[in-house]
Amino acid sequence: MSDVVEVRGLRKVYPMGDDEVVALGGVDLSIAKGEFIAVMGPSGSGKSTFMQIVGMLDRATAGTYLFEGNDVAKFSDDDRADVRSRRLGFVFQSYNLLPRTSALENVELPMVYAGVPPEQRRDIALEKMDIIGIKALADHMPNQMSGGQQQRIAIARSLVNDPALILADEPTGALDTKTSRDVMRLFSDLNAHRNITIMLVTHEPDVAAFAKRIVTFRDGHILSDIPNVERAA
Amino acid sequence: MNLRATLLLAVQALVRNKVRSSLTMLGIVIGVAAVIITVAIGAGARVSVQQSIASLGSNLIVVQPGSVTQGGVRTGFGGASTLTPQDGLAVAQLPGVAAVSPIVSVHSQVVAGGNNWQTQLTGVAPTYTYIKAWSLASGRFLSESDVASIAKVAVLGQTVVSQLFPNGSSPIGKTIIIKGSPFTVIGTMTALGQSGMGQDQDDVVLIPYSSAMERLTGLTTVNLLMISATTAAQVNPVQAEVTALLARRHRIVPPQPYDFQVRNLQAFAQAASSTGAVMELLLAGVAAVSLLVGGIGIMNIMMVSVTERTREIGLRMAVGARARTILNQFLTESIVLSTIGGVIGVVVGLLGTVLVAQLAKWPTLVPAGWVFASVGFSAMVGIFFGYYPAQKAANLSPIEALRFE
Ligand SMILES: Nc1ncnc2c1ncn2[C@@H]1O[C@H](COP(=O)(O)OP(=O)(O)OP(=O)(O)O)[C@@H](O)[C@H]1O
Ligand SMILES: [Mg+2]
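Chains as they are written, first to last, in numbering that gives the first Met the number 0: chain A, 0 to 232; chain B, 0 to 404.
Simulated from the structure, these hints should not be mistaken for lab results.
Please read all numbers here as calculations on a predicted model, not as lab measurements.
Any given hint could be a false lead.
[As the list claims (entries may be wrong)] Covered stretches of chain B, as calculated for chain A (at least 3 residues, CB under 8 Å):
no., region
1, 308–314
2, 319–326
3, 394–404
[As the list claims (entries may be wrong)] Sample of chain A residues lacking proximity to chain B, with all beta carbon distances greater than 12 Å (derived):
no., residue
4, Asp-2
5, Glu-19
6, Ser-42
7, Val-71
8, Pro-98
9, Asp-122
10, Met-144
Using N, Cα and C, we set each Cβ at its ideal position, and we do this for glycine too.
Working from the sequences, and respecting the hints, build out all of it.
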């Protein structure tokens, strides 16, 4: 079975006027099913850029990217949108819930685009919300919820299509220490008990400590890629 | 994504922003209502003109005296009375003529018992009911022998009936006093209502034209000849023959001008209805401009909406919406807005039309075609003005949209 993600010599160059910024200068990385990876590194080292390319929100300038064995370079924009809806889950630092839309409807959203019939959507959304322990919030609007609750809604949303990979860019960046720990425990459980593959970006060693593997970026390159001895058993 | 799902998404998004959605719709509502009301007034006016022309009688030709130059002064129509009942009898012999009636008009006071009423006295021939296509309500109409005997008999219009006999008793057989002479009421006419010019057509007393000449005007001439041709196709030939006949009878030798005018109402009807149609289009055009302004309002709001919802668009793309789906959603929002606005506009327009008809007492008519056309047009406004903002939304890059503050 092929890895979920396999990138070789991945480069991303942003033009900046006459100059250019090399955000990724040749990255090699494989993510196998069931992994839980924390991506660390200083600001501007290319972490978000990497996540966006792996998440098919952006295209690489050079290099190869195989997703579940398929060459992503050959995907059209519509193919990429379809993979995002069916095989990927996103969690953002700023939650990105639709305003004036109930938690349940927010969780249902990816299924709308994946073409899941409305009756099934509701059941699946409630099931995932139950797993995360936020079923009671189904009818709440985002502005009636705390940051931690909103982020859990966002995590439930990332789960509904049973993705091959969940990408989370600083999911605890806007949360306090205790809430951060609760959210990370949730990720950790999803990974441990449901074998969900997760890659998340963080600046905090406490947060990274929940992952089984820690990849550190610097200046668009991978500086280190080590198992987390405490977790990876 | 299928149509239903897209529609649902659009409706949800609109419902989430009720106030803005309603305000955006308002432009279209006003535009469509304006179209409906103006068209209703225009069409109503046109139809009532047509009806009043039709109510003058079918295949009608009218001969008016006048257009005589005397000492350099050209008098208007009717200025010189040269038409006689004998002219009428002669015209009646022409082929293609179904009926002829001389018309003598006098305004006078009419008294019955304690009631009196200022009305139009019209001296006519028994053929008048046929020419006007006007039927009796009760009693009998004037007969040839009434005309021959210069009988003092009268047939009343409904307005006169209600003014002179307010208690509802039948006027048949009663006596009314016209300029000091007692006339016996022998019949009443059915109600015709207002003419297109706003005249009460039932405010009339019909008497034999001979009696009107003898007892009221004291003249040997009449005001008009009304002629009914046998068919519409006969109207023009009959008009020519009447002109030739009367010219001969009045001994008019060219280049002497005619001392009468022969006119048929078909030309008048056509002119009136085409003017009406032009007016109607003009009104609708003005109203359509307001619809257009409503459309620009939609575009404006949709542009704001796309900018304001940039992050939402980014998120939708991140969770799997294709560019086309985003385009469809925004386009659908705009179409739904404008179509609902159009439907509400039609309802408001119909209510407004009823109001205009009731308050201003204007004749109105809402052509069904315009109702569908204005809803269809507002949907098109939605597509046209919604496309650019929707395109803008669909072309956003997901990462830039997600990063948008
Ligand atoms: N759209 C862009 N246009 C130009 N340069 C960009 C763009 N996005 C990122 N960069 C540059 O690419 C480099 C990597 O940025 P990236 O956002 O991946 O860093 P990061 O590791 O996520 O940083 P942080 O920890 O602050 O989020 C930076 O030098 C940044 O300025
Ligand atoms: Mg970043």
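> Which hints from the list above does the structure break, by number from lowest to highest?
Replying inline: Violated hint: only 8; rest satisfied.
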